[in-house]
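Trainee: Here are the chains, one letter per residue:
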Amino acid sequence: MDAYEILKKLTTLDGVSGEEGPVRDFIMSQIKDHVDDLVVDNMGNLIAYKKGKGRGPKIMLDAHMDEVGLLVTQITCDGLLKFHTIGGIESRVLVGKRVRVGENGVPGIIGYKPIHLQEKNERTGAVDKKRLTIDIGAKDRQQAEDKVEIGDTVAFAYDPVEFGDNKLMAKALDDRVGCAVLIELLKGSYECDVYGCFTVQEEIGLKGAKTASFRVMPNVALILEGTTCYDVPDTKEQSMSTRCGNGPALTVMDRSVIVDRDLLNLIVDIAKSNNIPYQYKQTITGGTNAGRIQVNGTGVKVAAIAVPCRYIHTPVSVMDKNDFENMIRLSKKVLEVLPKAWEEGRLSNSDENRAINLYREQGGIEHV
Amino acid sequence: MFELIKSLTQTYGPSGNEKKVAEKIKNLLKGKVDETRTDAMGNLICVKKGSGKKIMFAAHMDEIGIIVTYIDENGFLRFGNVGGLPQLIIMGQRVRFENGTVGVIWYEENIDNMKNATLEKMYIDIGASSREEAEKMVKVGDMGIFVGETVLQNGKIISKALDDRLGCAILVETALRNVETDNEIYYVFTTQEEVGLRGAKTAAFGIVPDMALALDVCDTGDTPNCKPMSVKMGKGPTVKIKDRSVISHPEVKDRLIRAAEKANIPYQLEVSLYGGTDAGSIHITAGGIPSGGISIPTRFIHDASEMADMNDVENAVRLLCEFIKG
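Going line by line, the protein sequences match chains L and F. All residue numbers in the first sequence are consecutive under this note's numbering, ending with 368. All residue numbers in the second sequence are consecutive under this note's numbering, ending with 326.
Excised from the complex, chain L in its bound form (with noise of 0.2 Å):
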């Protein structure tokens, strides 16, 4: 399978916050071949380490595993899903849409009554979600009880379709996007330690990549994501965060990060230099894993590099083809050319090695 194919094949897997299994075995049957360890920890995150050539800085590449979706929190005695949503969805675009429930992937809909039941006052706002349930067409709580338990996760069930000029809608672009650079990343050879680390619960709050990176406790991470993209309607254009075709998105600073000013201004340099189109993220919402991962052990040099996606965070995204291979070619390069920026002090990082000592001090492990 081709990059593009297996990023299609991971938008048919589904991985709410809290149970990534499905995404983490796919992914973990993709890379085994090519890498040198494998291990998950005890959140779930899957670490690959492959080995270098004894040059440069120990990298951290991160893409998180988990989706947005929907969690049960309740059965009717009609048989109905009551829920809560896991990570940012709005209750608007929830109606009428078609999920999966727990592992066993339990078809169901969200369900809302039809216009002409609605009074004239409902028909103009968003339905509260907690007005809403999940329909998986039993008969009543007891049959609805064979298939589902309280606490089983509820994926939105939408199959990939290439449509129109290059471009891709799926479910959870956001960020299995990132995963397919990252399983494509590990495929090449690097000079440096690179360590590949597939992550959990970023949705709910960044949570998997801490313990990933204290693990890790890289000098360098490149955070690979699915971003935002507001080349919609009704958006002024200094609203916009990124446009879907116009090259990869560089994160300067967000609710969580600001990153790393010289090793962005490589990525640029790197970028320009190999005629690769990238753009910056115009606005400075959201967060990513860059912010987590920053801050751990004595300091971590970071960057972010994404997708545009549109409609991020609902059940189908839109993604252009032509974004996704240009971000597998300037994140390849960029491994290429940092342990000679490294080793040139292009990052002036002055002690690069201390946070790894005080690590192994501290009693922790060389390698995963």
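Any given hint could be a false lead.
What the hints assert, rightly or not - The calculated BS3-like cross-link candidates involving lysine-lysine, where the alpha carbons are at most 25 Å apart (straight line), are:
{"id": "1", "chain 1": "L", "residue 1": "K236", "chain 2": "F", "residue 2": "K156"}
{"id": "2", "chain 1": "L", "residue 1": "K58", "chain 2": "F", "residue 2": "K54"}
{"id": "3", "chain 1": "F", "residue 1": "K24", "chain 2": "F", "residue 2": "K156"}
{"id": "4", "chain 1": "F", "residue 1": "K19", "chain 2": "L", "residue 2": "K340"}
{"id": "5", "chain 1": "F", "residue 1": "K139", "chain 2": "L", "residue 2": "K272"}
{"id": "6", "chain 1": "F", "residue 1": "K24", "chain 2": "L", "residue 2": "K236"}
{"id": "7", "chain 1": "F", "residue 1": "K121", "chain 2": "L", "residue 2": "K236"}
{"id": "8", "chain 1": "F", "residue 1": "K136", "chain 2": "L", "residue 2": "K236"}
None of these hints come from the bench; they were simulated from the model.
Got chain L; can you put chain F on it based on the hints?
Mentor: Positioned in the frame of chain L, the structure of chain F alone reads:
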């Protein structure tokens, strides 16, 4: 001391871009400390070696500012905040970018109620007449700081960025006074405090001190109709009891009070309901680090004209020197 504060407050250093401030401090302390290093977050760590307790002092180098998010076709800049910006008082302010470019913050004038004047409705005019012209001066992602002269009047200092170049100046001055002690002193100048106490976290992890103090500014309760608070400008540096990020460790707090009383230094107890300091990050690092803080009572924090009393600054240096002797 005033000249030191003036030089530090006028240096460019919004969060994530503290290099110039670090460079200046490094030069000031050259030859005065035993070791100087910089970590991956850009924290400047200056060590005075000793065989006794490891004591960490933290003051943050970064200041609040703005970040350019978009440049329109007429050369106006749209921006977001770096750190906490009170939206109503930034209108009409000047900002300056690292390369010296100056701009004026203004707002879309069709706003009917100024409460709706959010940052999205504001822009920066740098006098450029087109996007091309503007892009020669600034680019998306560049950060600007507020312009505010540093003046001394009636023993009060008025300036931009007293938060927290005052803390930096106090640490520099304390290091220069070179108090005799067995303790190992870490003068740490941290980064990215204004965006979430980030630098102090990695600095503390790299040191794991026996105790730590954050040197910062705190609000006062002595201006017309302000929120009630017992701290007053000019009545001495504060011994922090708590702020929103930390509850001071009792032993650290007591050691500060003992030091102040022994040397007859005026001090006030600080209970801050708003705002956090680097101590908030430090005290929960590694296995936990007893932490507290000394603050300079400062009016109009996060405005381009903050105000503090020079006597409080001098007394904070004296208090630190006493604290070091322990």
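Trainee: Does K156(F) sit within 25 Å of K24(F), going by the straight-line distance between their CA atoms?
Mentor: 24 Å, holds
Trainee: Compare the distance between the alpha carbons of K19(F) and K340(L) with 25 Å, and conclude whether the hinted pair is satisfied.
Mentor: 23 Å, holds
Trainee: With a cut-off of 25 Å on the C-alpha distance, tell me whether K121(F) and K236(L) pass.
Mentor: 11 Å, holds
Trainee: Given the hint that K24(F) pairs with K236(L), does the C-alpha gap stay at or below 25 Å?
Mentor: Cα-Cα ~42 Å, so violated.
Trainee: Is K136(F) within 25 Å of K236(L), Cα to Cα?
Mentor: It holds: about 24 Å lies between the C-alpha atoms, which stays within 25 Å.
Trainee: Holds or violated: are the alpha carbons of K236(L) and K156(F) at most 25 Å from each other?
Mentor: With Cα atoms ~45 Å apart, K236(L) and K156(F) exceed 25 Å; violated.
Trainee: CA of K58(L) to CA of K54(F), is that 25 Å or under?
Mentor: 29 Å, violated
Trainee: Would you mind confirming whether the straight-line C-alpha gap from K139(F) to K272(L) stays at or under 25 Å?
Mentor: Since the Cα atoms of K139(F) and K272(L) sit roughly 16 Å apart, the hinted pair holds (cutoff 25 Å).
Hint violations for this structure: numbers 1, 2, 6, all remaining hints satisfied.
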